[in-house]
Structures are given as C-alpha cells and as structure tokens.
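Going down the list, the protein sequences come from chains A and B.
Mapped onto this note's numbering, the consecutive letters of the first sequence carry residue numbers 1 to 199.
Mapped onto this note's numbering, the consecutive letters of the second sequence carry residue numbers 1 to 167.
Calculated directly from the structure, the hints in this document are not laboratory data.
In this text, a Cβ means the ideal position worked out from N, Cα and C, and glycines have one as well.
Each hint should be verified, as a subset may be incorrect.
Okay, the calculated beta carbon distance ranges per label pair [said to hold, decoys possible]: (1) B/E134 / A/S83: 26 to 32 Å; (2) A/S83 / B/S37: 17 to 23 Å; (3) B/A123 / A/N139: 30 to 36 Å; (4) B/G141 / A/F187: 30 to 36 Å; (5) B/I7 / A/G50: 21 to 27 Å; (6) B/Q91 / A/V42: 50 to 56 Å; (7) B/P133 / A/S140: 39 to 45 Å.
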Amino acid sequence: MRTCSHGRGVLRFLSTAMPIAVVLPIVVAFHWSRLGWRDQHVNYRSRPSGYTQIVNRFGQPCNADARAISMRWTAADNGVTYSFRFHRKLGGRPTAMVSDKGGKSTNLDNDVYGHIQNAHLQPYIRHGIYGYVCRTKRNSNEWSTHAFGIAIDVSSAEEYMGKCTSTVNKYHSSIWQNHGWYWGLAFCDPMHFQYATNY
Amino acid sequence: MKRKQAIAVGLVVGVTASAGVIAGAAGKAPVRSPHGSPIGPVVPGDTGAGELLLAVVGGVFSSRADAEAANAALAFGDLHGYYVVPLAQFQGFRQQVGEPGEFALVSAFRTEEGARAFAELAATLGIEATILPERVRSLGGLYAGLGQEASPDGTGPLLGPLAESLP
C-alpha cells in the first residue's frame, strides 16, 4: 500500500520534471541561437588612469584610430537609430554579431551591446547616443574623453549632465562596468561611460 | 664536495647579480610612449587671426547676456558646444547671417569635415547649426573653438593653418 503511494508520488514528480527538463534547454538554446551572441572578452586593454596614460594607450585626441569604428544603436523611446564612432581598440573585431570593421577588440559593439540586448535591457536605452567627438569638456579647455573615442553617452536627454541620480542607465550600468567602463554618475553625469579614470 | 658547493654558490651569486643589473637598467629605461609625447590636456586658445575660417552658427542675439543665456540652455551634455563671440570679430560674417544682432553662438573650423561633424553632432542633439556658405576672415578677438577638429593626416587635432584657411 505504502509502496504504491510512494510510486505514485515519484510518477507525479517525473511527469512534472520531465517536460521541464526537456523544454528548458530547448528554450535556452533557441534564445541563444536567435541572437547568435556570445560574450567574447577578446583583447581588452587595461583601463588607463589620467591624461598621460590615456595618450599612451589610445593616442592623441582626435587621432584617426579614435574614430575608426562605427556602430548603430536604436533608442527605445523615439526609435531613432544613432550612428556613432569610437576607438579601434574598443571594438570592431569580427564576431557572429559584428562584421569585420578592422577593430582589435570585441568590447563595445559585441560584448556590451550584445549583453544589453541579451538581458532585454534595450528598453532602457533612450534617445541621445553619441561617441567620438573632437571637442573639449563643457566650460573647459581640456580635451574630453570623447575626443579619444573612449567615451559613449547614452540616454543623454534623460540622463543629463548635472543629474546626480540615474533613472534608466542604472539598469545597464553594471554591464558597462563589468567590461571596463567607468560610469559618470560618480561625477553627476549619468549619461556618460568612459574607458578611463582620473580624467 | 667543496667544488659542488663552490659551483652552487657561484650560480646563486651570478643569478642574483644579473637580476640586480636587469632591475637597475629597467628602472632607468625611458617610459614607452607609442604615440609620442602628449600634446597636453589643454586646447590652445587659438583665434586664427587673419585666417579664413568656416563658421558654424547657432544663433544671433542683440546682447552678450542674451547670447550667454541661450548658450547655457543648449544641451551639448558634457561637451563644449558654441562660443559666444561678437559678430564684428569675423569679416564677412554679418553679411552672411542676414539677421540683426551683435553677438553670435559660433564654433570655428579650418576644415569642412570639422564643421560638418560639429553640425551633425548639434543636429543629433536637436540643436540649431548652420554652416555659413563662405569662409569668414578672423580678426582675432575671443576664442571660438578653433583647434577642435581632426588633422587631415590623422595624427591628432589640427593646431595650425591649412592651405585653404590661409588668405
């Protein structure tokens, strides 16, 4: 009698667990194959600290490598696709998701971008996205990190400079940080991610 | 036995001395700088006096205060956008803008590529930007953003005149 009820319990467990065990890997595999993305982490440079290290690692401001790689990113709120440029050492290496752009790393256009898409965080990418610009910092005569092609501003209208909290970029900031980027929220510029510190 | 000990001691002393020499030399080696010495973090305040420059204009205002207020409201984010300058500091400027006023929001460039890139950035951010069709002659005066464009040779910023900017 006891053996019979035990056997029924096992059967009930198996009838629930088996479909999950079969379906789950298929769902996961489908998800990955649809996106075709893998976090590659190929050829990451150590993050420079201060102006001299930035120049030693990425070259002079506004040099040709600083704007060598381009990518497109569509803002979730207005549907506008922004095209922007960044440094050859921070992306443009061919992967399953990225064509060969002559870059040396998988960092930005494959790893960071792919990670944000794969984690379904694209709704938190809002309008105002730009990268390389040969320009100084606001109200300053010092070169901006944008001039080296090592800074990206995301959701710039909503995460404006001077705002010391974040409303949308906070959802994906950890992805940037896990790939070597420093988040500007620390200096009340939550739109800003840069591949350098102390500058 | 003594011979073996002598060899061992010799090896230890030799390796230690070599390591010391290498470490000493490394300490004196110059810092590797593949991109040359940094040009410096500060953009020189070049006005391009006497040169023919391309001007990107964000608006014309009757007073400096109005121009400053309008400039402060523009959302260039963490980048410096326009500079407030008197119209009179560029010869040929007033005739091209066709608007009454004494002060303008301007960024000056030596190359068309530089002017276009800045105008595109402004457009991306929803900010007015008009590239004047003709070059204007700089009479000096206030800094208007010159030097914030890439040099055609790809080595860094353009910090001097080009053939097309010289009269």
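(message) Taking 26 to 32 Å as the stated bounds, is the beta-carbon spacing between B/E134 and A/S83 within them?
(response) Because 29 Å falls inside the window, the suggested range holds.
(request) Indicate whether the distance between the beta carbons of B/I7 and A/G50 respects the range 21 to 27 Å. (result) violated, 49 Å
(message) Can you tell me whether the CB distance of B/P133 to A/S140 sits inside 39 to 45 Å?
(response) Check failed, 31 Å falls outside 39 to 45 Å.
(request) Hint says 17 to 23 Å; check whether the CB-CB distance for A/S83 and B/S37 agrees. (result) violated, 33 Å
(request) With respect to the beta-carbon atoms only, verify the hint that B/G141 and A/F187 lie 30 to 36 Å apart. (result) holds, 33 Å
(request) Look at the Cβ atoms of B/A123 and A/N139 and judge whether their distance stays inside 30 to 36 Å. (result) Because 22 Å falls outside the window, the suggested range is violated.
(request) Go ahead and decide if the range 50 to 56 Å is satisfied by the Cβ distance of B/Q91 to A/V42. (result) holds, 53 Å
Hint violations for this structure: numbers 2, 3, 5 and 7, all remaining hints satisfied.
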